[in-house]
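Asks: One letter stands for each residue in the lines below.
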Amino acid sequence: MTAGHGGSPIQLLSPDGVRHPHERYDRFLADVDGRVEGADSAALLVSIYEDMVVARRIDAEGTALQRQGQLGLWPPFVGQEAAQIGSAHAIGPDDFIFPSYREIGVAYARGAELPDLVRQWRGNAHSGWDPFAMNMGPSQVVIGAQTLHAVGYAMGVLFDGAETAVVTYFGDGATSQGDVNESMVFAASFQAPVVFFCQNNQWAISEPVGVQAHVPIARRAPGFGISSVRVDGNDVLACLAATREALERARSGNGPSFIEAVTYRMGPHTTADDPTRYRDANELEDWKEKDPIARFEAYLASIGVVDDAVRARAAEKADSVAEAVREATIHMPDPEPESLFEHVYAGPQPVLERQRDHFERYRRGIEGGIGAGAATTAEGGR
Amino acid sequence: MSEMTLAKALNAGLRQSMERDSKVVLMGEDIGKLGGVFRITDGLQKDFGAHRVIDTPLAESGIMGTAIGMAYRGYRPVVEIQFDGFVYPAFDQIVSQVAKLHFRSLGRIKVPLTIRIPFGGGIGSPEHHSESPEAYFVHTAGLRVVAVSNPQDAYSMIQQAIACDDPVVFFEPKRRYHDRGEVDETVGLEGPGGLAMDAARVLTEGTDVTLVGYGPLAKTCLDAATAASDEGISVEAIDLRSLSPIDFGTIEASVRKTGRLVIAHEASQTAGLGAEIAASITERCFYFLEHAPVRVTGFDVPYPHSKLEFYHLPDLDRILDGVDRAMGRPNSLSGIEDGE
Ligand SMILES: Cc1ncc(C[n+]2csc(CCOP(=O)(O)OP(=O)(O)O)c2C)c(N)n1
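Order-wise, the sequence lines are chains A and B. Using the UniProt record's numbering, the first residue of the first sequence is number 1, and each one after it goes up by one. Using the UniProt record's numbering, the first residue of the second sequence is number 1, and each one after it goes up by one.
Since the hints were derived computationally from the structure, they do not count as laboratory data. If a hint is listed, it holds; no wrong ones were tucked in.
Straight-line distance between alpha carbons at most 30 Å, and here's what the computed BS3-like set of lysine-lysine pairs gives: (1) B/Lys110 / B/Lys100; (2) B/Lys33 / A/Lys288; (3) B/Lys33 / A/Lys290; (4) B/Lys23 / B/Lys33; (5) B/Lys100 / B/Lys23; (6) B/Lys33 / B/Lys46.
Generate the whole structure from the sequences, applying the supplied hints.
Replies: Right, dumping it as C-alpha cells:
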C-alpha cells in the first residue's frame, strides 16, 4: 500500500498555514515553490488564491440567487475550494474532465462562461457550457454514472496513443454505486489514463461516510489494482500535488490513480436540504478551523505573496464576478416553448415533428380561445 | 377521520404496517434521521430503530438486491427510491430478479417487496427528478404497479401493497404530497369502500366522455370534469389506481355508457399506458365507440428543464382540449384531422 492511503491524509500545509516539506510531493510543487527558473511562483500562487476566493463568492451568490427565487436549486461547495481549485490547476487544457454536479469551482477555474454556471440551476437547460470548448462534460446528477464515461474516454485516448489524461470527480457516497466500482474494474484492466478524484466531504446528503465505507475510501482502489492516495482536501497544495502526480502517471502510461481528498461540505447538500436534521453543529465548527482559504492565505502571507493589496484585488474580482453572475441570471431569457422539441434526435423525426406541429396549433388555439380548451388553467405555475 | 396531507398519510400507513408486522422493514437513502428527502419516513427510525428503518449505502442496485435477500429470509422490505430518475440503477434487479423469482421458482419463492417511487413532475426540479417511468414496469410481467392520488388511498394502498405477496411498484405523485384530505384511519387493509388496490375508482359519473388518469393527474382529471360540465359536457372521470393489472372492467363499463375515451398521463406518449388502454378498450368496446380514443400525454421528449415543464405536462386546458377532440367539438386540431 502506498503511503497516505489509509491513515491521516497527506498534508503539505497545516491548518495554521505552515508549509511542511514532503519527500514525495515537493517534486510536484517546484514551480509554486519558486524552484523553477522562469516560473513566476508568486503569480501562480496568487492565481490559485484568487480562484478560491472567487469560487467561494460565486457559491454564496448562487445560494442567494436561489433564496431570491432566481435559481431553482443550488448545490453549495463552500469548504471544498481547495479540492476543486487545487486539482483544477493541475489539469491541462487538453485533458478531459467528467464532473458530478458540485464541481462549479472546477468549471469556473476551467474558464466557463459565467451564465453557463447557473443555466441549469435556473431551469433553462439541462446543462451549461459546451463540453468540447471546455474539455469538461456536463454536470452529472445520476450519482457515479460519469466515472464510466471518463474511463471510456480514457480508453479512447489510450487506443489513439495520445498524451491526454482524464479526471473524473465524484463524492464519497458515489463510491457505493455499481457504476463507480465497474469503472475501476475497466480502468485497471485497460490501464486507462484516468484519475478518480473523490471529494470525500463526509456526507452524502444525510448519511455520514461511514454508511458508504467501513475503511478509508482510498483503500478501496488498490483492490482493483489502482494506486491510491488520501490527501487533506482542505490543503490546496496537497490537492495540486497529488493531482499532478496522478496525471503524470496517466500520461506516462502507468494507468489509473485514485485520490481521496478528505474535506468537508460546510453548507447544506443543496439549497433544498436542512442539515440541522442530521448534523451536529459542533462538527461544522471543528471544520471551520480547517478552512481551506484561510489556511492558504496564512501561508501566502507568511511568505509575503499575499498582502492587503492582493487581498483587496481578490475581493474586488470576486465581487465583480458575483455581480456578473447575478446580472446574467436575472436577465437570462426563458427558453422558447417550441424548443422543447429540439435536440431530442440528431435530425428530424416524423412522430416528433407531428407532436411539435400539434403543440404549435394548440398554443395558438389557447391564445385565440378555441372551445373548452380556452378554460383557464387552474393549476401549475406557469 | 382526520385531515392530513398525502405525505403524512403515507407515513401513517407505513407506521400501521410496521406495527402490524414486525417483519416489515424500510430501506433507502436518507430515510432515517432525515426522514427521506420528502419526509415520508419522518420519525419512524426514532420509533422503530435502525434495523427496521435502514439508511442504506448510496446504491440502488444494492438496495434492491439486498431487499430480495431479506425477502428470502422472511422479511417484507419496503424500499424507497429517492426520485423516479434514480430507479434505473436498480432496474436490472427489479425486472430481471424481483419480477421473475416467483415464476422462476415455480411459486416457491415469494417476494413481498414494495418499491416506493416518488414520481412525476411539476415541482421545478432538476434533471432526473420528474420522470414517469411507469410503463417500463407495467411492461414487466410479475410486477404489480399502483399509483396513488389522494391521502385516503395513500394510507390504505401502502398497507395493501406491503401486505401483498407480489412485488409492488408503488408510485407516489410528488406534486400531490402536500395535498390535504380526510383520512379514515380505521380503514386500512380493506381500503376505502372495500376497494382493493387493484381496482379503479370512478371519481365522478358522467355520460358523454370517459376520462382516465392516475397519480398526479387524477385530480386534474376531476377538475377537468368540473370545468367541462360548465361547457355542458358530462365527463366520467376515473382514477386508474392500479396500472398493472389494469381494471379494464371499470373503464369498459364506463365507455359502453359514454362511447368516448380520453386518457391522460404525464409520461411520454409512445408506448405509454395510454396506448395500452386505447388499444384494449378499442378491442373490447369497438362497436360502442363514437370516436377514436384520445391520448393527452407528455411529449416524446426527455423530461424538460423546469422553465418548460408546464408545456410538457398535460394540464387542465390540454385535457379539456382532448375532451373536445373526443366530442368532435372545435379543438386545437380542428380542420387538420379527426382526433389523434
Ligand atoms: C443514482 C442516484 N441515486 C440517488 C441520487 C440522489 N442524491 C443526489 S446527491 C446524493 C448524495 C451524494 O453524495 P456524494 O456522492 O457523497 O456526493 P456529494 O453530494 O457529497 O458531493 C443523493 C443520494 C442521485 N442523484 N442519483
